[in-house]
Amino acid sequence: MKLDSMYQDVILDHYKNPHGRGLRDGDAEVHHVNPTCGDEITLRVRLDGDTIEDVSYEGQGCSISQASASVLNELLVGKELAEARRIQETFLHLMQSKGKAEPDDAMEEVLEDAIAFAGVSKYPARVKCALLSWMAWKDATAQALGETAGGKTA
Amino acid sequence: MKLDSMYQDVILDHYKNPHGRGLRDGDAEVHHVNPTCGDEITLRVRLDGDTIEDVSYEGQGCSISQASASVLNELLVGKELAEARRIQETFLHLMQSKGKAEPDDAMEEVLEDAIAFAGVSKYPARVKCALLSWMAWKDATAQALGETAGGKTA
Amino acid sequence: MTQLPGLLDTEAIRKDFPILDRVVHDGKKLVYLDNAATSQKPRQVLDVLNDYYERSNANVHRGVHMLAEEATELYEGARDKVAAFINAPSRDEVIFTKNASESLNLVANMLGWADEPYRVDQDTEIVITEMEHHSNIVPWQLLSQRTGAKLKWFGLTEDGRLDLSEIEQVITEKTKVVSFVLVSNILGTVNPVEAIVRRAQDVGALVVIDASQAAPHMLLDVQALQADFVAFTGHKMCGPTGIGVLWGRQELLEDLPPFLGGGEMIETVSMHSSTYAPAPHKFEAGTPPIAQAVGLGAAVDYLTAIGMDNITRHEHALTHYAVGRLLEVPDLRIIGPTTAEERGATISFTLGDIHPHDVGQVLDEQGIAVRVGHHCARPVCLRYGIPATTRASFYLYSTPAEVDALVEGLEHVRNFFG
Amino acid sequence: MTQLPGLLDTEAIRKDFPILDRVVHDGKKLVYLDNAATSQKPRQVLDVLNDYYERSNANVHRGVHMLAEEATELYEGARDKVAAFINAPSRDEVIFTKNASESLNLVANMLGWADEPYRVDQDTEIVITEMEHHSNIVPWQLLSQRTGAKLKWFGLTEDGRLDLSEIEQVITEKTKVVSFVLVSNILGTVNPVEAIVRRAQDVGALVVIDASQAAPHMLLDVQALQADFVAFTGHKMCGPTGIGVLWGRQELLEDLPPFLGGGEMIETVSMHSSTYAPAPHKFEAGTPPIAQAVGLGAAVDYLTAIGMDNITRHEHALTHYAVGRLLEVPDLRIIGPTTAEERGATISFTLGDIHPHDVGQVLDEQGIAVRVGHHCARPVCLRYGIPATTRASFYLYSTPAEVDALVEGLEHVRNFFG
Ligand SMILES: Cc1ncc(COP(=O)(O)O)c(C=O)c1O
Ligand SMILES: Cc1ncc(COP(=O)(O)O)c(C=O)c1O
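Chains as they are written, first to last, in UniProt numbering: chain A, 1 to 154; chain B, 1 to 154; chain C, 1 to 418; chain D, 1 to 418.
Source of the hints: derived by calculation from the structure; they are not laboratory data.
C-beta: ideal position from N, C-alpha, C; glycine also.
Be aware that one or more of the hints could be misleading.
What the hints assert, rightly or not - 25 Å max Cα-Cα, derived PhoX-like pairs, lysine-lysine: (1) K98/B x K122/B; (2) K122/A x K28/D; (3) K122/A x K28/C; (4) K81/D x K128/A.
Unchecked claim - Simulated restraints on C-beta separations: (5) N87/C x E251/D: 45 to 53 Å; (6) E73/C x A106/B: 53 to 61 Å; (7) D51/D x D25/A: 51 to 59 Å; (8) L81/A x S270/D: 32 to 40 Å.
In isolation and in its complexed conformation, chain A is listed as follows:
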């Protein structure tokens, strides 16, 4: 069944047992909304120099957006910023591929569990769900580093 390509077991697992959910101390907080469906996330980043010490979050949304935040937490916490950015960009690229990017070993090595979202990229309405937490993380990190004035974007 085609649906299984979106709802991979990995995704459903993260949805049912999310990693690192809940709001903890952070250097910056953002609130992002997906206006087309109302999914929301509040996300905080705590940095220790160039290292991501914590990404904590709270939100409501579908399995895809929730699982994606969970995977993000699992993947990024403990990483160096440069490495985290590479992961974020690779994930963005995959999600915008309209189901055309063939995940290879190299990509899988970078994305780990997040590779499971490859199937989601075939569903334009759901791509934004998968990206919600990642965009929030990017924004919060920029704020934590003092690069922007803050504020939310959709």
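Use these hints to put chains B, C and D with the ligands onto chain A, whose structure you have.
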């Protein structure tokens, strides 16, 4: 040729040699515009009791609107108001008939030269041209009789 | 096949709608239950659109040539049809807009720029309800911000109805305008027009009715409603996209100022000043959606031929059946009235804690098209403490078999996320 | 058959336009010379419209079901096409409206409600020209009345061009916005964009260009124009009625306030306040003209395949020929430039003292469709002391034979009223 049904000789004659054109003293003046084509008329009515003493006018417009004002002058000046209203209503009825009213002898007796406009009623865009001066006359008469506060309508 | 009293001959009707034959996702028959978002279009409407473009297309009102006369006659003929459809006292009270949202914004802007006694300003109040579509909230929020007028609203009861218990406190002598939805696009609720109109009239407030979800489904009689303005949208009632209607009482349309300026809406223009054409043209700046109005006229013909009362009866029977069947689904909670009384054929629900997005996705895979989200009525979701709903909405071509397909589909959803 | 250099293969092109085969008034072949009012539509556009409704019709943006995804992709795909057609730096700068008039009103309203530095108020000035279409006059008159800003304008020279001799006095440090037409719909004049834009930029004024009569006929490059806003309308460029475009610079669209409020344009709504989606959605309240945008996308494809430069060349050759032939007609006076240089394929004229209405009527009888009146540009008629003009306007399917038919027709008019 079908056009001849609109451009009757009577109409072209009135167009080339208009009756009673020019502005003279009146009890009320109105200015009417046909917004769809820009035809304009300024028209004055002078009453003597129930009798129409004069209808004077100035304006710009196509042959139909100019000829119609000329016919109006010829027909209404000297008439009692009640009779004039009957003529106006008959003319209105004819013009709104979409070419379907068959002018009969009775109608012809009322409308005289104005019966020549029967063909115009087949051309929706021109009906307003033919009616411009008649609507102005109706409005000016109402004003002269103190029935309205004045002002222009289209 | 389930037989319900009052159903239309959907077998015949469905033949008019080419899209209903579509097959999606490897051979699944389309079950289109997203009619509150937009309806499908019968061949009769598409043919009229095509004919218009292939035979009579021209700009309206200003031409002496044959095509321009035909186009004008078709366009103005559509106005006659719509006027008759809503029992308007005069055809000149029917304004064509691009959608219901423009219609509602048009009223809000007219009132913001109006002279007394209509003017909305900082000493006045605007009343809406908590079940409005965003298109009947945001224009009033903008008007309130821009004029200083106070925005108030009726709240909702637990079972999805307007809470009118404090109507005298909500609608007061300060109220200039009361704007509310006739049939909710999320709850399905049909609102009690008379009670609200009576109170509004008592205090001299204007009444605006958002009939976007009513016009497609029931006989709309603007005189019986006793409103001052009624707005609705073509695409939900078998018409094309890009066309909406605002009906307004003639004397108001005469008194109120224009909104958009431009060609068609003027009487005479000089560089120094302009005067405006009488309504409806005063409110139709620029080349109107000509083909779309003509298409809406054809839609109105189509609906009238079937009979609005028959459509209402059909949908009522279907809603009764659907509510019953849905309530059999474990963990399913209907948001809105749980009977078919005083409600339209739009049913919102939640399914346990499965997010509506996921519900919709799994239904789609089975060919069942529903809408998920807040349905442009987010305050309703906030009110009931839910992030979103799944919404199934029916129309004249919907069948009991499609209700059954939905219920089966939901079972499948439950298994999938179980 | 007259052979002119640069003509398109009209024989092939005309086959795409079903209406051009129409026969009017007892066997006369239609000669459609009313393209400045609206263009005809090729089969390629009508097919796309039909396909949309028969296969993919759904409301956009909010659906997880297949039709909603298809409709959204088609609608947003049309935005991509339009963005490419006008060389927009970003697709998000393309706003779909219902027509050019709405686009221009949208800008005027944004500026009226804007904060500094954009706000138009009683200390500021608005500049337009005497050759504007009413749709680019009345919105600014309304804005001026409602804010107290002063409305100024460029006059016209005897030969139908903008009089820019006093540009420094017209556009001053007080000027907040300069709005002008790229190609006049009555005179045919192509205006010198650069000179105006340079002066406007010097004083920090925003520039709005009404490209309604340009987009159908020439390569439009919003970056080369250096304007801040560019408006045009779909129905004049082979697209459906009911669709217009406003292009605006991204940072302006971010900074400026919304105009119409409603569904689709919001980020999040509560009863107390709302936030707005980023552009272009911020300016697209309600269900957009979905099918019409998709149809406009198809029109853009059609025009691009033929090549905008080829269309310009075709029309230029035809205009050159038509101006020459018309000037042979006794008593004919062209209102506007009397050569084909810096002018479009729209030619207005008077014929002795025969009223244009009568000219148009007699031409119509011969199957020739022209427009008569003030063409929604009454100040131009006032300027040249005439009540109205007869206007012939050509497009990519127009032929030299049609010019000949017009000239013959005018001879007939002269005889008729002679
Ligand atoms: C120069 C110009 N500007 C604006 C418009 C208005 O376009 P629309 O009527 O489609 O709004 C037109 C055409 O009518 C035009 O020719
Ligand atoms: C109740 C209600 N009001 C207003 C609207 C707005 O209609 P449109 O999007 O056509 O402007 C809708 C539908 O979207 C609606 O359901």
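Hint check:
1. Under the criterion of a C-alpha separation no larger than 25 Å, the hint pairing K98/B with K122/B is consistent with the structure, at around 5 Å.
2. Our distance criterion of 25 Å between C-alpha atoms is broken by K122/A and K28/D, whose separation comes to about 55 Å.
3. For the hint pairing K122/A with K28/C, the CA-to-CA distance comes to about 19 Å; that is within 25 Å, so the pair holds.
4. A hinted pair counts as satisfied when its Cα atoms are at most 25 Å apart, and K81/D with K128/A qualifies at roughly 23 Å.
5. Taken as a hint, the range 45 to 53 Å holds for the pair N87/C and E251/D, whose Cβ atoms sit roughly 49 Å apart.
6. For the pair E73/C and A106/B, the supplied restraint of 53 to 61 Å is violated, since their beta-carbon distance comes to about 30 Å.
7. A beta carbon spacing of about 55 Å between D51/D and D25/A agrees with the range 51 to 59 Å that was offered as a hint.
8. At roughly 36 Å, the beta carbons of L81/A and S270/D sit within the given window of 32 to 40 Å.
Going through the hint list in order, the structure does not satisfy hints 2, 6.
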